[in-house]
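Engineer: Given these sequences and hints, build the entire structure.
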Amino acid sequence: MLVMEKNSLSEEISKLVDLYGKDRSSLLPILQGIEKNHKYISDFAQQEVARLLDIHPVEVYSVVTFYSFLTHKPMGRNVVRLCQTITCDMFGKEAVAKAIERELGIKFGETTKDKKVTLEYANCLGMCDQGPAMLVNDQVYSHLTPEKAIEILEKLK
Amino acid sequence: MKENKETRAPESQKGHTIEKPKSSEGIGSMVSIEINGNKFSVPLGTTILEACKQNQIHIPTLCHHDDLCIAGVCRVCLVEVEGMRTLQASCAYSITHSLKIHTTSPQVRRARRHVIDLLLSEHYGECYSCVRNNNCELQSLAKEYGVDKFTFGHVSEPLFEEDNSSYSVIRDMNKCVLCKRCVRTCIDLQEVGVLESINRGHETRIGTFLDKPLADVICINCGQCINRCPTGALKANDPSDEIWQAIDDPTKHVVIQTAPSPRAAIGEEFELGPGHSLTGQMNTALRRIGFNKVFDTNFTADLTIMEEGTELIIRLYKALVEGEKQIALPQFTSCSPGWVKYIEHFYPEYLDHVSSAKSPQQMFGALIKTWYAQKEGIDPANIVSVALMPCAAKKYECNRPEMVDSGYKDVDYGLTTRELAQMIKESGIYLPEMEKTHFDDPFGDASGAGLIFGATGGVMEAALRTIIELVTGVKVENVFENMNIVPVRGFEGIRYAELPIEKVGPVPEILKPLVPNWDWLKGATLKVAIAHGTANAKKIMEDIKAGGKFSECHFIEFMACPGGCLGGGGQPIPTSQEIRAKRAEAIYNEDASLPIRKSHENKHVLDLYNDFLTDGPCGHISHKLLHTHYTPRGKYIA
Amino acid sequence: MENKVKREGAVIFSDYTRGDAVKKAVSIGREDVLFELKESKLRGRGGAGFPTSIKWMLTAAAKSDKKYVICNADEGEPGTFKDRVLLLEYPELVFEGMVVGGYAIGAKEGIVYLRGEYEYMLKSLQDYLEEMRKDNLLGKDILGKKGFDFDIIIRLGSGAYVCGEETALIESLEGHRGEARNRPPFPVNTGLNGKPTTVNNVETFASVAHIVTKGGAWYSQHGTDKSTGSKLFSVSGDCKKPGVYELPWGTTINELLKIVEAENTKAVQVGGASGLCVPKAQFDRQLGYEDLGTGGSIMVFNESRDMLHVLKNFMEFFVEESCGQCTPCRIGNVKLLEGVEMIEKGEYTFNYINKLKELGETMRISSKCGLGQSSPNPFISILENFKEEIFNNGKGGK
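Protein chains in written order, with our numbering: chain A, 20 to 176; chain B, 209 to 846; chain C, 6 to 403.
Be a bit skeptical, because a hint or two may be false.
As the list claims (entries may be wrong) - Pairwise CB distance ranges, derived in the manner of DEER restraints: (1) Ser348/B with Met6/C: 11 to 21 angstroms; (2) Lys308/B with Asn359/C: 24 to 34 angstroms; (3) Gln291/C with His362/B: 44 to 54 angstroms; (4) Gly361/B with Glu136/C: 54 to 64 angstroms; (5) Glu634/B with Asn56/A: 52 to 62 angstroms; (6) Met347/C with Ile171/A: 34 to 44 angstroms.
Simulated from the structure, these hints should not be mistaken for lab results.
Note that CB positions come from ideal geometry on N, CA and C, so glycine has one too.
Structural biologist: Here is the structure:
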C-alpha cells in the first residue's frame, strides 16, 4: 500500500473513531464503516483500528472473521448475497444461482475480474414470504426469477 | 495509574461479578446445598466446581484453569441442578441460593461422554507420538470415561500445517480442542494478545493476526500458553535431538549451565510433588547423560548482580551527582527474555531504561567460549554450550543475532526442564535416586543470591543484599532477619518497597574507579518495585508513562512469567499458584541452607574479575562480553 | 418488497396514535406501568416466552447508575420476518415500547440492535427517531416529565444469526465476537457494560405499547390463559398467501393453514429452523405456550417436498451459524449434518442414526446457549415424524 493511501486511510479511521468513540464497543460500527467504504478491511486498517482503540490486532481480526458481513480480503464494488435458506431454496434459488453464475462467469465465493461483483450466499434474509431473495449491497430484492436477477445485476456499476 | 483493561476479555470469559463475602462465618454468607444427596454448606458465590472440590467430589474439567478467567465452553464439567432444564457448567455457576446438585446422574454422564467423544472426533494425532503422552488432559478424560472407540469417528489426516516458525513455541492446531486457555493466557494473563479465536462455527480455530506464523507476530515467547494447554497443541521447540548428537560426537565438548528454577521443579516430572530441590541429583544425572561439564547459572546470576548493580550505581551517580538529565531511571532488569521482547514490542521508547547487562544465560555463554575455553585449552569451535532453563523465551534469546560476542554463537541450545526430564528418562535414570554431586569448576557452586533469581523478587533481593552491604557497610543480616528481604518477596502481582539509606560506609575496592564516596546517597531512599507477568509489567509501564509513583523508582524487576522463572514456560506441566508457591519455597529453603548467600561474596566471581574481567564491573571487557543492546520493534505487523 | 400485513388482529394492530403509550405511562407512573405489564401476562415474543414483567421488574429493582433497554431486532430465525414488517410499518409501537421500558426500569439509553441484513431500513428508522425527538417523545424531560430522559440509537449487526441470543447480542454491542455468556448472571443484573439490561424482542415492545395504553386486563382477555394477547405469525412456504398474520394464541395449525390457504400440506415447521416439525397427524395442535410456544415462524411444506432435503438445509444453516465456542454445538451440528448426508447417500446404519439422536438430546441440555440447545430439534423431530418417507420409501434405503 502506498504511503499516501495509508495516510488517507488512517485519517478516515481516525474520523470514524472520533465519531463512535474509543471504547471497544465502537469496534463494530468502525469496522462496518471501513467495510462500506473499501469493501474490505485491510491488514493495515485492522492494525490502525487496534492501535486507536488500544486493543490487540488479533482481536480485531478475530471479530472481522466472526461476522459474515466483515471481510479481510478485497470484495468487488458490489456484493451480491443470495439467500440459501429453505423457503428461498424451495422457490427457485438454485435456478437463480445458476443463472447468475453463468451470467457473471464466476462461482459463489468469487469476484469478477473487473472487481464489479462479488457473489456470496447468505443465510435467511427475512424475506421468506417473498423468496427467492437477495441483497445487493444493502438493498434487498425479492420474488426473484433468473431473468429478474440478471436484470438487477446488469444495472450495477 | 491506568486501570488494567479488565474489559479486554469478552464478558463470557470473565469471572462473575458476585463478590465473595469477606468472612465466611458471618450469618447469611453461607449457603446450604445438596450434592448427590449429601448436605454441605459453602460460602455464597462459590462456584459449583469449587464447592465440589472443597468436598472431595471430583468433577472433570478441560477449559477451566485456576490461573484464568472462566470460559464455560468445553462443557465437560456439566452437572445437573434441580429445577433447571439444561445442565450447567459447574465452573461457571456461582451458588447464590440453596441448590440440589447431581454430579453423576445418567444424563450428566452421557453428556460428558458425548462431549469427550466429539472432541476426540476432531483431535488428530496418536497419543504415543505426542509430547504430552501421559500428561494430557484429553487423554485423561478419555480414560476416566472409559472411551474404547471413536463413537463419532476420528480424523485420519492432519488438517493444519504445524507452525514451527518460532524458536520457542510450536503450534499444532490439529490437536487443539478450542478450550481457549491459550487465548485467555495470552490476552488476559499476559496481555500480549497474539492468540484469539478466528472464524465462526465449525470453522473456528485459534489463530494469530492474519494467520501469520508465530515468529512474525508480536509473540514474546514466554510459553505460558504451553503450560496451560491441556493437549499437545502447543509445545516448545525441542533441541534435544541436536544435543544428543553433540553428546554422541567425541570431538565436541558439551557443557551445560543449569538455571535455578529447573532444579526446583524437575522432581515433578518424576512423580515427586512440587517443592523438592534436586540440585545435586540433577548434576549427577547430567554427567551420566554425557555432558562434559555441569555449571551453575547462578554463577552468572551473581555476576549479573555485580554488573547490573554497578550499572545502577553509575546511573544514579550520573543523574544525582553529575546532574545528567538524560540518564534513564528507573533502571529495568534485563534477565527475562520474555520481558525484553515485550518491552521491545510494546514500549520501545523505554528501552534505554533496560539494563544493558545480558541475562545470566547469555553472560555464561560468552564466558564459556572465551575465558573457560582459554583456561581449559579447548577450541571454542568445538564447545557445544547448552542452557537448562525453565523458559521458552531463552530459546529465542540464544538465537538473537547479537548474541555472538565470544566470536561464536554464545549459547547453542536452550533446553527446558521438561525436555531435560525426557532426556534423563531416555537415559534410564530415575532422578530422585541419584547421588548428589557439586557443580564443576572453574565456576563452582554459586551463592544463594543467584539461586533466588528463580522466584519473582529474587533478582531484586539479590541486588539489595549486595547494594545494602556495599553502600552502607552494614551486614544485610543485621538489617533483615536471616538475610531474607521479605518486603520484596511474595506473589502479589506488583510490589513496591522503600529502603532509606541512613548511613553510608567506605567505597569497596572494586567500585573505587567509579565513585569517590557514598556521601551522595546518605539520607536518600532507595525505591524499588517488582512485577511478574507481563500484564503487571504493563500496569507499571502505564504508570511510568503517566508520571505516577513508579516513575520515581530507581530500580524495577520485571519478569515475564507469573511467579518469575519458576513459573516459566519450560517448566513441568501443570502449573498453578499452589505449585509455583511450592517451587518458590524449595528455592528459598535451598538459599537459606547455603554457606554463601550474597553475590559479592562469591569467590569465583571475584576470581573472574581478578583474572579475566580485569577492568572491573561495567569495564571495557565486561562491556564487550557481558552487555548488549536492544531492538525497538514496535507493534506493527508487516 | 411488500410489507402489507395479511391479517390485522385485535391486539397489535388495534387503534393506536403516536404518543399514546408514552403519554399514558408518564400519567400513571412507573409502578403502574409494571403493574399493567404483570396483569397482561405478556411473555417474550422472541420465542423463549419469558414473562416480560419479571424481566422488567428485576431490571427495575437492580441498583445501578446506568441501565439499558435493548431492542433485539436481529431477526435471523429462518422463516421469521414479522419484525421487518413491524419496524417498517409500525415503528411507533416498537420505539414507544422501548421508551416505556426506559421509564419503567429507570434507563436512559435504548439501543436497537438491527440485523445487518436490514440495513436498508436504517435511514427511515433514524428519520422516525428524529421526529420523535421533535415531539419530545425522546430526549430530555419527555412529555414534560422532569428527569425522564431517554433516547434510542440504532446499532447494526454484521451477519451473525447467533447475535439474536441476548447475551451474544450484548457481546456484539460491546465489540466482541457474538459468543453467548454464561448465565447466571443474567443481563437483568449484569448486561451491557456490566449494567442491568433488559433485552426484548421487537414484537414484545410493540405489545407493551398497547398494554400500557389500553391496560393489562384488556390485553389478557385475548388469547388463552397461559398465552395471553395475540401473536404475529410469519407464514411462508407452500401456501397461497404467505405473509404476516396476527392471530390469537390458541389457534390450531389446521385453522392457520386454512387462513393462509395452504393445500396438500404434509408438514409445518413451527418456530423456524430451531423449532419443531409437526406432521399432518398433529395439525390439531394449538399454537401457544400450552402446546407449541413459538416466536411465530411458520413454514409450510406440501406433499411435494423432500423432508430430508429440508432437514439438510437447516443443519447446514446451524453448522455455519454456530458461534463455535462450545463443543456440543460446534462439533455436534456437524455430526448431525453428516448423519443427514449419510442417509441421503444411503450409507447409514440405524444404530448410528440412533446414536446421533442421543447426541441431539445431549446437545439440547448441554450447549451453552439457545442456539445449540435448539439446533437438534429439526433433526430429532423430522427424523422421528417422517421416518416413513425418509427411511422406508426407497429414498433412504438405496
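Engineer: If a hint holds in the structure, say so; if it does not, say that too.
Structural biologist: Structure-based check of all given hints:
no., hint, verdict
1, Ser348/B with Met6/C: 11 to 21 angstroms, "56 angstroms, violated"
2, Lys308/B with Asn359/C: 24 to 34 angstroms, "31 angstroms, holds"
3, Gln291/C with His362/B: 44 to 54 angstroms, "45 angstroms, holds"
4, Gly361/B with Glu136/C: 54 to 64 angstroms, "58 angstroms, holds"
5, Glu634/B with Asn56/A: 52 to 62 angstroms, "59 angstroms, holds"
6, Met347/C with Ile171/A: 34 to 44 angstroms, "39 angstroms, holds"
Consistency with the previously given hints fails for number 1 only.
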